[in-house]
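Peer 1: Heads up: the sequence lines are chains A and B, in that order. Oh and the first sequence: position 93 is 965 in this note's numbering, straight run, nothing missing. Oh and the second sequence: position 137 is 412 in this note's numbering, straight run, nothing missing.
Honestly, the hints are just simulated from the structure, not real lab data. A portion of the hints provided could be inaccurate.
[Stated by the list, open to error] From the derived model, a few chain A residues whose C-beta atoms are all more than 10 Å from chain B:
no. : residue
1   : A878
2   : R886
3   : L896
4   : R900
5   : R902
6   : G924
7   : A944
8   : E978
9   : T982
10  : Y991
11  : L995
12  : R1012
13  : S1017
14  : R1023
[Claimed, not checked] Not the full set, but computed from the structure, chain B residues with beta-carbon under 10 Å of chain A:
no. : residue
15  : M276
16  : V278
17  : A289
18  : D297
19  : L302
20  : P306
21  : S323
22  : D329
23  : R345
24  : V391
Beta carbons: idealized from backbone N, C-alpha and C, even for Gly.
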Amino acid sequence: MMAAVAAPIPPFERFYTEHRNEVLRFLRRRLGAAAAEDAFQETFLRALHAYGRLEHGAHLRAWVLTIAGRIAIDTLRRERPRGELPELPVEDGRPAYEELAELTGELPPTERAAVVLRYGYDLPYDRIAAALGSSPVAARQAASSGVRRLRRRTHR
Amino acid sequence: MTVSADLDRRFRDAAADAGLLDAGYDLVDSPVGRLLVAATDRGVLRISYNPDPDEHLDRLARLVGPRVLRSARRVDPARRQLDEYFEGSRHAFELDVDLRGTTPFTERVLTELARVPYGETATYGALAARAGSPTAARAVGMVMNRNPIPIVLPCHRIVGAGGNLVGYAGGLERKELLLRLEGALS
Chain A
873 MMAAVAAPIP
883 PFERFYTEHR
893 NEVLRFLRRR
903 LGAAAAEDAF
913 QETFLRALHA
923 YGRLEHGAHL
933 RAWVLTIAGR
943 IAIDTLRRER
953 PRGELPELPV
963 EDGRPAYEEL
973 AELTGELPPT
983 ERAAVVLRYG
993 YDLPYDRIAA
1003 ALGSSPVAAR
1013 QAASSGVRRL
1023 RRRTHR
Chain B
276 MTVSADLDRR
286 FRDAAADAGL
296 LDAGYDLVDS
306 PVGRLLVAAT
316 DRGVLRISYN
326 PDPDEHLDRL
336 ARLVGPRVLR
346 SARRVDPARR
356 QLDEYFEGSR
366 HAFELDVDLR
376 GTTPFTERVL
386 TELARVPYGE
396 TATYGALAAR
406 AGSPTAARAV
416 GMVMNRNPIP
426 IVLPCHRIVG
436 AGGNLVGYAG
446 GLERKELLLR
456 LEGALS
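So here's chain A without its partners, still in its complex pose (with noise of 0.2 Å):
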């Protein structure tokens, strides 16, 4: 009997080639024409650089769709905040919101959020006012009265 044969990896510019169009379709579906741009490069680009660790060529199509799709969700996630929390890089091992979270557990829930969110997440004010149901001015009152709060906290 004989043995199965992994499809080999084609070389990335026939891979390329015969994806790019689609992934581009399917990318505008999902974002729009302007958007789509920057996440096509994006996406060819992780598919590149993985690439090389590809262990068969079997269901490329389908392995360049789900990254797509993976950044398609990230874009959208960056342009049109609702209320979740994007994630966040680690450095140090711990989330710089994590040790804000720490810090301004005893800060009343609006502007604990506000805080985290600023000074956390580096977000700007009117998408912290998405993610609080708020206005940027609400949000930038919010921050700024957590922190003075802190700060008589801390120099008590």
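We have chain A already, so just place chain B on it with the hints.
Peer 2: What follows is chain B alone, placed relative to chain A:
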């Protein structure tokens, strides 16, 4: 909906700039016809008189890895020097070469070949002697015939003992044209 030329080029440039390619290749027009030129981080990997990428892609990928992409950016340094050579303003290439996949004998012969100066010729036997194998003129002929980087590694400067051109993998007309360009043939 298809990918625009601009978006396509931006991706290919970014891929090369990010150092993500095992090899980049592109087509380069020249007086001896359209050339396929491939380069890696180590240097020029391939110059071929057969400009059909499909004839090269699989072999290149087997040699250096599957991340082989057409990339003008990756090939630009070689393209510039080839243009200057064909204009007559460059007599020596300053390009690293990537000789992976060749045998130690081939590498020794090609290293000696690179030292044959612009506008001069040497015989197969002389090149064999310089490579430390004075009786290997025939084997040297084989190496010339399979030279992976012609023009830059100037196998067109290697001629028969009687001074006749003998042969050239790219065709004798090309050998003659290159030697005329260099003023080695009257």
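Peer 1: Evaluate each hint against the coordinates.
Peer 2: Consistency of the hints with the structure:
Its beta-carbon lying about 13 Å from the closest one in chain B, A878 of chain A satisfies the requirement of being farther than 10 Å from that chain. A Cβ of chain B approaches the Cβ of R886 of chain A within 10 Å, the least distance being about 7 Å, so the stated non-interface status is violated. Its beta-carbon lying about 5 Å from the closest one in chain B, L896 of chain A breaks the requirement of being farther than 10 Å from that chain. Listed as a non-interface residue, R900 of chain A fails to keep its Cβ farther than 10 Å from every Cβ of chain B; the least gap is roughly 6 Å.
With a cut of 10 Å on Cβ distances, R902 of chain A stays outside the contact zone with chain B, its closest approach being about 13 Å. Not every C-beta of chain B lies more than 10 Å from that of G924 of chain A, the closest at about 6 Å, which undercuts listing it as non-interface. Listed as a non-interface residue, A944 of chain A keeps its Cβ farther than 10 Å from every Cβ of chain B; the least gap is roughly 16 Å. A cut-off of 10 Å between C-beta atoms confirms that E978 of chain A is not in contact with chain B; the least separation is 46 Å.
For T982 of chain A, the shortest C-beta to C-beta distance to chain B comes to about 42 Å, beyond the 10 Å cut-off, and the non-interface label holds. At roughly 32 Å, the least C-beta separation between Y991 of chain A and chain B is larger than 10 Å, which holds for a residue marked as non-interface. Every Cβ of chain B is farther than 10 Å from the Cβ of L995 of chain A; the closest lies at roughly 27 Å, confirming the non-interface assignment. Interface exclusion of R1012 of chain A from chain B stands, the closest Cβ pair being 37 Å apart, more than 10 Å.
With a least CB separation of 44 Å from chain B, S1017 of chain A remains clear of the 10 Å interface cut-off, as annotated. No Cβ of chain B comes within 10 Å of the Cβ of R1023 of chain A; the nearest lies about 44 Å off, and the non-interface call holds. Hint status for M276 of chain B relative to chain A: holds, with the closest Cβ pair at about 5 Å, below 10 Å. Given the 10 Å rule on beta carbons, the hint for V278 of chain B holds: about 5 Å separates it from the nearest Cβ of chain A.
Hint status for A289 of chain B relative to chain A: holds, with the closest Cβ pair at about 6 Å, below 10 Å. With a cut of 10 Å, the hint placing D297 of chain B at the interface with chain A holds, because the nearest CB-to-CB distance is about 7 Å. With a cut of 10 Å, the hint placing L302 of chain B at the interface with chain A is violated, because the nearest CB-to-CB distance is about 13 Å. Given hint, P306 of chain B at the interface with chain A, is violated; its Cβ is 27 Å from that chain's nearest Cβ, farther than 10 Å.
Hint on S323 of chain B is violated. Least Cβ distance to chain A is approximately 15 Å, over the 10 Å limit. Below 10 Å, beta-carbon pairs count as interface contacts, and D329 of chain B has one with chain A at about 9 Å; its hint therefore holds. For R345 of chain B, the suggested interface contact is upheld, since its CB lies about 6 Å from the closest CB of chain A, less than 10 Å. The interface hint given for V391 of chain B is violated, since its Cβ lies 34 Å from the closest Cβ of chain A, which is over the 10 Å cut-off.
Comparing the model with each numbered hint stated earlier shows that hints 2, 3, 4, 6, 19, 20, 21 and 24 do not hold.
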